[in-house]
Amino acid sequence: MNLLETSKVECVRGDRPLVSDLSFNLRDGELLHIVGRNGSGKTTLLRTLCGLSRPNAGRIRWNSTDIHALGDDYRALLAYVGHANGVQGDLTAEENLRVATRLDNGTDTLVKGALERMGLTRFAHLPTKVLSQGQQRRLALARLLVSEKNLWILDEPFAGLDADSVAVMEDMLTDYLARGCMVVITSHQKIGCSAKATQHINLDS
Amino acid sequence: MALRRSTDVLTPLVFFVIVVSLFPLGVGPEPNLLSTMAPGVIWVAALLATMLSLSRLFANDYADGTLEQLTLTPHPLTMLVFAKILAHWLLTGLPVVLISPLLALQLNLQYENMGILVASLLLGTPVLSLIGSVGAALTLGLRGGGVLLSLLVLPLYTPVLIFGAGAVSTYALGMDVEAHLSLLTALLVLSVIFTPWVTAIALRISLD
Chain C
1 MNLLETSKVE
11 CVRGDRPLVS
21 DLSFNLRDGE
31 LLHIVGRNGS
41 GKTTLLRTLC
51 GLSRPNAGRI
61 RWNSTDIHAL
71 GDDYRALLAY
81 VGHANGVQGD
91 LTAEENLRVA
101 TRLDNGTDTL
111 VKGALERMGL
121 TRFAHLPTKV
131 LSQGQQRRLA
141 LARLLVSEKN
151 LWILDEPFAG
161 LDADSVAVME
171 DMLTDYLARG
181 CMVVITSHQK
191 IGCSAKATQH
201 INLDS
Chain G
206 MALRRSTDVL
216 TPLVFFVIVV
226 SLFPLGVGPE
236 PNLLSTMAPG
246 VIWVAALLAT
256 MLSLSRLFAN
266 DYADGTLEQL
276 TLTPHPLTML
286 VFAKILAHWL
296 LTGLPVVLIS
306 PLLALQLNLQ
316 YENMGILVAS
326 LLLGTPVLSL
336 IGSVGAALTL
346 GLRGGGVLLS
356 LLVLPLYTPV
366 LIFGAGAVST
376 YALGMDVEAH
386 LSLLTALLVL
396 SVIFTPWVTA
406 IALRISLD
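If you read the protein sequences in the order shown, they are chains C and G. By the count of the numbering used here, the first sequence reaches residue 205 at its end, each step adding exactly one. By the count of the numbering used here, the second sequence reaches residue 413 at its end, each step adding exactly one.
Nothing false has been slipped in among the hints.
On the chain C side, residues computed to face chain G include the following (Cβ under 7 Å):
| id | residue |
| --- | --- |
| 1 | S53 |
| 2 | D72 |
| 3 | A84 |
In case anyone wonders, no lab produced these hints; they're calculated from the structure. Beta carbons are placed, not taken as given, at the ideal position from N, Cα and C, and that holds for glycine.
Chain C extracted, bound-state conformation (with noise of 0.2 Å):
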C-alpha cells in the first residue's frame, strides 16, 4: 500500500503566500480534486508535489520518506502533466511519446495503442506543430497511458478538450483508479470518474 503523505505544507510565490497548512494523505486507489479560483495557487501546489518546487515549510513524503530524498526514484514512479504540453513541435505524435518512453526507460509497444485511445491515430506522422491545442493536449494525456506510473498529477487535464475526448479522460482515469493508483488533479469542472475514495481541498477556504 502506498500513501502520499502531505503535512503542513506551506507554498509561497515570490512573497505571496498561496497555499499554508495544508494538510493530507492520499493512498492507493484514491482521487485528490483540488479547486480553487484562478491565482489561487493549484499550480504552485501541484509542482511542488511534483518536486519541481520545495514547500515553504512542511514535508511531503512517499511511503514515509521524503520526496526530496527520494529523488529518480519518486520521478520515476509520477506523471505530470502541466499546463504547457511538453510537445516538440518538429517531431511527429508518434516520435514524441516514443521520446517520452524512450526517456522513461519503458518499451513502445503502448505507444499504438495510446494514439487510438486519444484519437490520434490519424495525425500520428504529421508534425506536432500542424496540430490543434486540443488535439496536441490529447497527446500529452497520451503520455500518461505508455508509462507504468503509480501517481498522475494533473494539472487542468481537460483544458481545450471537446466533449469525447473529455469521457475518454473520465473513462482513463476511471481504470487508472481501478487499478490501484493515485491521481491528484485540479479542474473546475466536476470529474465524472470513479473512485474509491475522492478527497476535496479547496483552496479558497
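Take the given structure of chain C and dock chain G to it, following the hints.
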C-alpha cells in the same frame, strides 16, 4: 531534434562565414596583415557564432514544457544536460570547425598552420558550448535574456580565446604550442566535468 529546424543550424554557420568574410573587406586586401589577423578573426567569429545559438539551447524546451518533463524523468539531469550540450556542439561547433580551413585560406593563413587552427578549434569550441550552457540556463525565461547572456558568458570565454588564437599565432612564429594546447585541453576536461552539473542546478532554479 535541431536537425528538423535546419535554420537553427545554418544561422550560426552562415553568420560565422559572413563575419570572417567581412574582415578582408574592412581592413583591405593586404595579405601579410590578413594572415597575422587570421587566427584572432576566426576565433572571435567562432565565439560569436556559438554565442548566437546559445539562447536556443534550452529556450524552446522551456517554452513548450519539455524541460519540465525532462527534469521529471528518472535520469540524472546532469546527463541529459550533457547530451543536449553535445548535440549543440555537434550542430554548431563542429560545422564551424569543419569550415574554418576554407575561411582561413581566404584570410591568407599559411597552409601549414591549418592543422593547428583546426586542432585548437576542436578543443576550444566544445568549451564554448559547455560554458555557454550555464549562462543559457541561468538566463532562461528572463526578458532581455539574450543580452544578459552575452554579458555573462563573453568574459568567461576570454581564456579560451587567448589560448586558442594564441596557439595558432605562436605556431605561425615557429614556436612550441604544447603549452597552449595543454591548457585548452585542461579547460575542456574541467568544463566537461563541472559545467553540465552546474547547468543542471541552474535549470532547476529556473524552473522553480
